[in-house]
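Participant: Line by line, the protein sequences are chains A and B.
Using our numbering, the first residue of the first sequence is number 1, and each one after it goes up by one.
Using our numbering, the first residue of the second sequence is number 431, and each one after it goes up by one.
In case anyone wonders, no lab produced these hints; they're calculated from the structure.
C-beta atoms are modelled at their ideal positions from N, C-alpha and C, and glycine is treated no differently.
There's no promise every hint is true.
Covered by chain A, per the in silico footprint, the following chain B stretches (three or more residues, Cβ under 8 Å) [what the hints assert, rightly or not]:
hint, segment
1, 456-464
2, 622-629
3, 671-681
4, 711-724
On the chain A side, residues computed to face chain B include the following (Cβ under 8 Å) [what the hints assert, rightly or not]:
hint, residue
5, P7
6, Y9
7, L10
8, G208
9, N277
10, N281
11, E322
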Amino acid sequence: MKIENLPEYLLLKNGILIDLDKKEKREVDILIKEGKIEKISKGIEKKDKFIILDIKDCYIFPGLIDLHTHLRTPGREDEETIETGTKAAIAGGFTKICCLPNTEPPLDNESLITYLIAENKKYNYCDLYPIACATKRREGKEICDYYLLKKAGAVAISDDGAAISSSQVLRLVLEYSKTFDLPYFSHCEDKELAQGVINESFISYQLGLRGIPDISETIFAFRDVLIANYVKSKIHLCHISSKKTIQILRFLKENNYQFTCETAPHYFTLTEKDIKNYDTNYKVNPPLKKEEDKEEIKKALREGLIDAIASDHAPHLLAEKEQDFENAPFGIIGLETCFLLSYEELVLKGNLTIFELLEKFITNPAKILGIEINKIKENNEAEIVIFSPKEKYIYSEDKVVSKSKNTPFLNKEFSGRIKAVINKNKIFYF
Amino acid sequence: MKHLLSINDLSEKDIYKIFDYASQFEEVLKRPIPVVPSLRGKTILTLFYEPSTRTQTSFTLAGKRLSCDVINFSFSTSSILKGESLLDTVKNILKMKVDGIIVRHSVAGVPHFLAHHLEKENIFVINAGDGINEHPTQALLDAYTIYKKFKDFNNLKILIIGDIKHSRVAHSDILIFKKLGCKVFVSCPYSFLPVEFEKMDVVYLPDFREKLSDFDCVIALRVQKERHNFSYLSSIREYHLLYGIKKEDLNKMKKNALLMHPGPVNWEVELSYEVLKDERCVILDQVFNGVAIRMAIIFLLFQEKL
Ligand SMILES: [Zn+2]
Ligand SMILES: [Zn+2]
């Protein structure tokens, strides 16, 4: 990965602009002057000062938004830092990311939110939107100071990793957060039921690993949406992975319940069958499920029932992952492969058009967070992804930008490659 | 070097080869000096992260009868640092220049983990029980005990009673009996059945007593409360009433049937103490056969004949 300051004039030649409003592809040249889009049109004439970047056959679209990144800061900077995490985000085409509050200590007070935002400005690779804790110490008991958290820069609240088990506390969380228009990001998991390490099925029996029943997700998704709608608060469901959950969500949507939800690429590209030889790079929470769950997720993405695709980027040290399956932590890194996997599985296999895919990565996440998209328009700051859909790309170990390398997709050959990202007056090449 | 991590690692041919060697080693065990020099100079290590005097002793004896040096390591569960110490274990094993390791651990997949990290070395790994996953040598000795009696597995009907979901013995037993052509039945409360148990291709009997006269072999499993976070049982009393084999049950069993238990028995739970006197009860034969079977496995792994 190479990072350079933008030249005074940069001319992108022959790119294919993906216009999200008109839903059309257009061949254009884009002239960027001092980080700002000066002109978009066909056949912009070259002048002496211009640095030319020929991007024939490449797609151009605005930076992607990730709703679910674990930056591990503060507390676990050995696994990821703001510097390495935001770089990994850029490498994956994301220019705006949300970081979740399950850190050590957790993000349950405004000073930590202030710290994260200030720290991110030092590197200034991408925009960082912290999500604060819903309850103090993520214990599911006392609610946090949402006003102060929001003022410091938090865009949502969540106790990710731990679901609030008390329905009464959840009601309070949702009512209080409504006052400040902060969406609640729900990690749907009935912990009492979910005492295992992989999906409970014949495969968990064959491997002798304790199983997590798929309904543990469904039950809490159902409950959380009901409570949120009862008090008319904004709820977003994280990393949906099971067919049963989708069936229930479909029912709720048909009955006009309000909610948004996301899934992560591993839930529509992998299944529990991939967990061979106790490889802990397949240990994720919620766990990988069956073929039918995978298909249902793709169907829900096509239908628009699932609004967004998030990375659920969860870096862990090799020393932690390289141990027995029970004791290894849940989670895989995902920022760098999130879009590539989605493009390959969803667009190339005919599930979504490129426009629909970018809705899941840009338009919908922005709506969920209530933030503006920086469109590719004249006079806007350049925040552009240059993606080559025809190139092959092997994601080998030396290419990993994240500080951790825990991914089952190492050495996978992708169809499509992120060539460069332009953001904050910088250009990042890969 | 090949390992023995799962019954799935063995072909039917391998299993009969193990039986064949086991019967030869049985002869050795009956000699006044029950030792052969086959593996002189070799060293094996038993690594028991979960205490089991019986299994560890059986492996130790098996190794020593083959003139192998056997070093035993036991860890009390509380004293081990979980996780990364496993890789340290691998590094230590390499420095200690042992030829084979026999491992028991409370977590499924640990023997696979060690085998994976010792892949390039000339060291075999035997799974002596990993969590709720498998216990292949127990299954082999169970099958061998049945083989000695019937000499043919085809159409034998075998009933396994107990916690099918959390028993590594049941898991390995079902795999081996099905591989050898038996019909396998299980009986237990529903809370002891794995989900999607239909895929196991076994017959579930809520009440085995109705069919007790059908079985050639009945295996009662040890109730292991320690493996559960909380009780799957209502009470020991009710379990014994419903799933314990009592003297009157023996009357319903075939005259030439076998009654087995992997041991140690919780008397008056899985079995009434009286059934021990019945000649169909072969629990102690299983213990003897266990040494012969383990000698065969260790020997064959060293000879690379599996
Ligand atoms: Zn979560
Ligand atoms: Zn998460």
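Participant: It remains to establish, for every hint, whether it holds in the given structure.
Facilitator: Tested hints:
no. : hint    : in the structure
1   : 456-464 : violated (count 0)
2   : 622-629 : holds (count 5)
3   : 671-681 : violated (count 0)
4   : 711-724 : violated (count 0)
5   : P7      : 48 Å, violated
6   : Y9      : 53 Å, violated
7   : L10     : 48 Å, violated
8   : G208    : 2 Å, holds
9   : N277    : 6 Å, holds
10  : N281    : 13 Å, violated
11  : E322    : 6 Å, holds
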